[in-house]
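Starting from the known structure of chain A, arrange chains B and C on it as the hints suggest.
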Amino acid sequence: MSAAVSLRDVHKRFGEVEVLKGVSFDVAPGEVVAVIGRSGSGKSTALRCVNRLETIQSGEIEVHGRRVDDPQLDLRALRRDVGMVFQSYNLFPHLTVAENITLAPRRVRKTPQAEARHIAVEALARVGLSDKIDAYPEQLSGGQQQRVAIARSLAMEPKVMLFDEVTSALDPHLTGEVLKVMEALAKGGMTMLVVTHEMAFARRVADRVIFMHTGKVWETGAGEMLANPQTPELREFLANGL
Amino acid sequence: MGGFTLVHFVYLLQATLWTVVLTVLAFGLGSLAGFVVMLARTARTRWIRAVSMIYVDIIQGTPLLIVLFLIYFGLAVVGIELPALLAAAISLMIYCSAFLGEIWRGCVQSVPRTQSEAAECLGLTRWQTLVDVILPQAMRIATPPTVGFLVQVLKNTSLASVAGFVELTRASQVINNSLFQPFLVFGIAGALYFALCYPLSRLSRALERKLNVGRRQPA
Amino acid sequence: MRYKFDFGALVEHWPEFLSGALTTLQMTAFAVVFGLAIGILCAIGRRSASPALQWLCGFYVETIRNTPYLIQIFFIFFGLSSIGIKLPILVAAVLTLVINVGAYTAEIVRAGMDTIHPGQIEAAQALGLSQPQIYWDVILRPALERVYPALTSQFVLMMLASSITSQISAEELTAVANNIQSFTFRAFETYIVVAVLYLLLAVLLKLAFYGFGQIIFPRRRRLGTAL
Numbered sequence: 001m002s003a004a005v006s007l008r009d010v011h012k013r014f015g016e017v018e019v020l021k022g023v024s025f026d027v028a029p030g031e032v033v034a035v036i037g038r039s040g041s042g043k044s045t046a047l048r049c050v051n052r053l054e055t056i057q058s059g060e061i062e063v064h065g066r067r068v069d070d071p072q073l074d075l076r077a078l079r080r081d082v083g084m085v086f087q088s089y090n091l092f093p094h095l096t097v098a099e100n101i102t103l104a105p106r107r108v109r110k111t112p113q114a115e116a117r118h119i120a121v122e123a124l125a126r127v128g129l130s131d132k133i134d135a136y137p138e139q140l141s142g143g144q145q146q147r148v149a150i151a152r153s154l155a156m157e158p159k160v161m162l163f164d165e166v167t168s169a170l171d172p173h174l175t176g177e178v179l180k181v182m183e184a185l186a187k188g189g190m191t192m193l194v195v196t197h198e199m200a201f202a203r204r205v206a207d208r209v210i211f212m213h214t215g216k217v218w219e220t221g222a223g224e225m226l227a228n229p230q231t232p233e234l235r236e237f238l239a240n241g242l
Numbered sequence: 001m002g003g004f005t006l007v008h009f010v011y012l013l014q015a016t017l018w019t020v021v022l023t024v025l026a027f028g029l030g031s032l033a034g035f036v037v038m039l040a041r042t043a044r045t046r047w048i049r050a051v052s053m054i055y056v057d058i059i060q061g062t063p064l065l066i067v068l069f070l071i072y073f074g075l076a077v078v079g080i081e082l083p084a085l086l087a088a089a090i091s092l093m094i095y096c097s098a099f100l101g102e103i104w105r106g107c108v109q110s111v112p113r114t115q116s117e118a119a120e121c122l123g124l125t126r127w128q129t130l131v132d133v134i135l136p137q138a139m140r141i142a143t144p145p146t147v148g149f150l151v152q153v154l155k156n157t158s159l160a161s162v163a164g165f166v167e168l169t170r171a172s173q174v175i176n177n178s179l180f181q182p183f184l185v186f187g188i189a190g191a192l193y194f195a196l197c198y199p200l201s202r203l204s205r206a207l208e209r210k211l212n213v214g215r216r217q218p219a
Numbered sequence: 001m002r003y004k005f006d007f008g009a010l011v012e013h014w015p016e017f018l019s020g021a022l023t024t025l026q027m028t029a030f031a032v033v034f035g036l037a038i039g040i041l042c043a044i045g046r047r048s049a050s051p052a053l054q055w056l057c058g059f060y061v062e063t064i065r066n067t068p069y070l071i072q073i074f075f076i077f078f079g080l081s082s083i084g085i086k087l088p089i090l091v092a093a094v095l096t097l098v099i100n101v102g103a104y105t106a107e108i109v110r111a112g113m114d115t116i117h118p119g120q121i122e123a124a125q126a127l128g129l130s131q132p133q134i135y136w137d138v139i140l141r142p143a144l145e146r147v148y149p150a151l152t153s154q155f156v157l158m159m160l161a162s163s164i165t166s167q168i169s170a171e172e173l174t175a176v177a178n179n180i181q182s183f184t185f186r187a188f189e190t191y192i193v194v195a196v197l198y199l200l201l202a203v204l205l206k207l208a209f210y211g212f213g214q215i216i217f218p219r220r221r222r223l224g225t226a227l
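If you read the protein sequences in the order shown, they are chains A, B and C.
Okay, so the first sequence: first residue is 1 according to UniProt numbering, each after it adds one.
Okay, so the second sequence: first residue is 1 according to UniProt numbering, each after it adds one.
Okay, so the third sequence: first residue is 1 according to UniProt numbering, each after it adds one.
Same shape as in the complex, but just chain A (with noise of 0.2 Å):
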């Protein structure tokens, strides 16, 4: 079977920084990937390279066959089948929930009003928002803030989903109801792969882990490798938190 995402060998640099020194990895359909690694590994960079809000130097990346480093790539169409979810929600603050979620499925999709609507009900009803369905961005918690950026990601029905730290510019106590979200969507089938810092999360959800080390991909496995790690780095690393 192919896989869902694919990355070969892929370098990327910022100026003269190397960020991504030969990253590769896949993601099987279905299966939830969590990438862990400290801040500057390159777990974000290669995150972003996957729906091309970065281009890369070399390598190859591939999302359901199709390569995101092609320079003709169709990226509207990419983008239809690869949702993102960010550490800063990017919620649209002049835009009810209902507009946030729908906006793409009416611009991109050209989805009619009242059907786009119901999309929005149907989104909401998955992150457990149904009652804010009218409200501003404002008026929410950055938990439900960042449920409805979830909710306003399925509406367009991904085949792939990207999740950026979503949880790390949340209080601890808004961050639980976050995460059962993802782990609801993942029980779901979603193919997801996770940049994150929550470690138990990692561990209970993702069917494999892979730790990011100095822009290379340095050790991975299934969750129990955070019991037992077999590199000095991911030791340290999960000794002394992020």
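Since the hints were derived computationally from the structure, they do not count as laboratory data.
Hints may contain errors.
[Said to hold, decoys possible] Derived lysine to aspartate or glutamate pairs resembling DMTMM-like cross-links, with alpha carbons at most 25 Å apart: (1) A:216 / A:233; (2) B:210 / C:114; (3) C:4 / B:81; (4) C:206 / B:102; (5) C:4 / C:16.
Coordinates of chains B and C only, in the frame set by chain A:
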């Protein structure tokens, strides 16, 4: 119809000097009046605040040109004939007082309330609090918009030409009336205004950027 | 000073005052619509990737903002007629207003666009929106909502500045006043009446802009907070 000669250019430069004189006069007088307006707008007495607010609203809601007409033509009918320079300077002073007063009020009120509370706890009088504590802080914030407003004043001195005062705009009109080369003559006049205003605009923006950078750090 | 005020002499001129005020309002309306359009295009131009376009828009904005409106009027009105383009005076007057207010609008709109966080644009890209869609839905709309108060005060100032077009005899409120006072010799009274009329126009405009803002910015209407 002759061409534009050095004589014309020297004439424009002399007129530019009068534009600068009028600007300095208007801005100087306007700053004094604006300071009073600022004090009145932040006064403790309610009716002083109300009266000064009405004054600001009226001036900001009336075209400067109409103010000038009232002072120059209106007062003449009433029997007070002012020289054009003075009439223009007074009109611009009134205009400045309302806008500067309002700009400075905003700056004074943006100094945290705890500052004046702390000063009063130390036994400073209200005036001492203002001069020693509030104003030094407010002035940093006030400098960029004040320089920006100076550009407005400089441009608005062109209205003095309507009262016949020979500053840059009036001088360019006079030359154009004899040469009939409006693009050239008003183009040069515009360039002279630009040469005066643009550095000030840049300075205002640079000061503002510096202020924003300085203010971002402690947060 | 033994001057006797007499506003009575002006009463019979009320239709002229009214028509002058209406002309001022019409000029303002045209200038707001076209000035806003130019301002938005220019703000986008200044953020574009093309250095030529950036320079051109920057040149326009800085030139207009650093020269007096009266000089701009003379340059455009007398300049155009010197090369044989004789526009009706009101058209020329509105043209100068549009060019003038367009530059101020551009600067305000650009400042608004600069407040849009890059993350907003990334989120829209990740959702698959096209560049024009991102510009409209994610940059321009919230930017305009954010700078709406500054924008509308600029439009009120422009309405007041339109009095300067009286210098090329555009028949707006100030020119009407000039005629009436030369006819009645009641300069003081005439200009006081006109000052009051301008104040009323300014209040009217502010109310209209407020109401319009409530309609086009539902978030503002419902929450009453600044974006």
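Going through the hints against the structure:
| no. | hint | result |
| --- | --- | --- |
| 1 | A:216 / A:233 | 12 Å, holds |
| 2 | B:210 / C:114 | 17 Å, holds |
| 3 | C:4 / B:81 | 17 Å, holds |
| 4 | C:206 / B:102 | 18 Å, holds |
| 5 | C:4 / C:16 | 24 Å, holds |
Comparing the model with each earlier hint shows no violations; every hint is respected.
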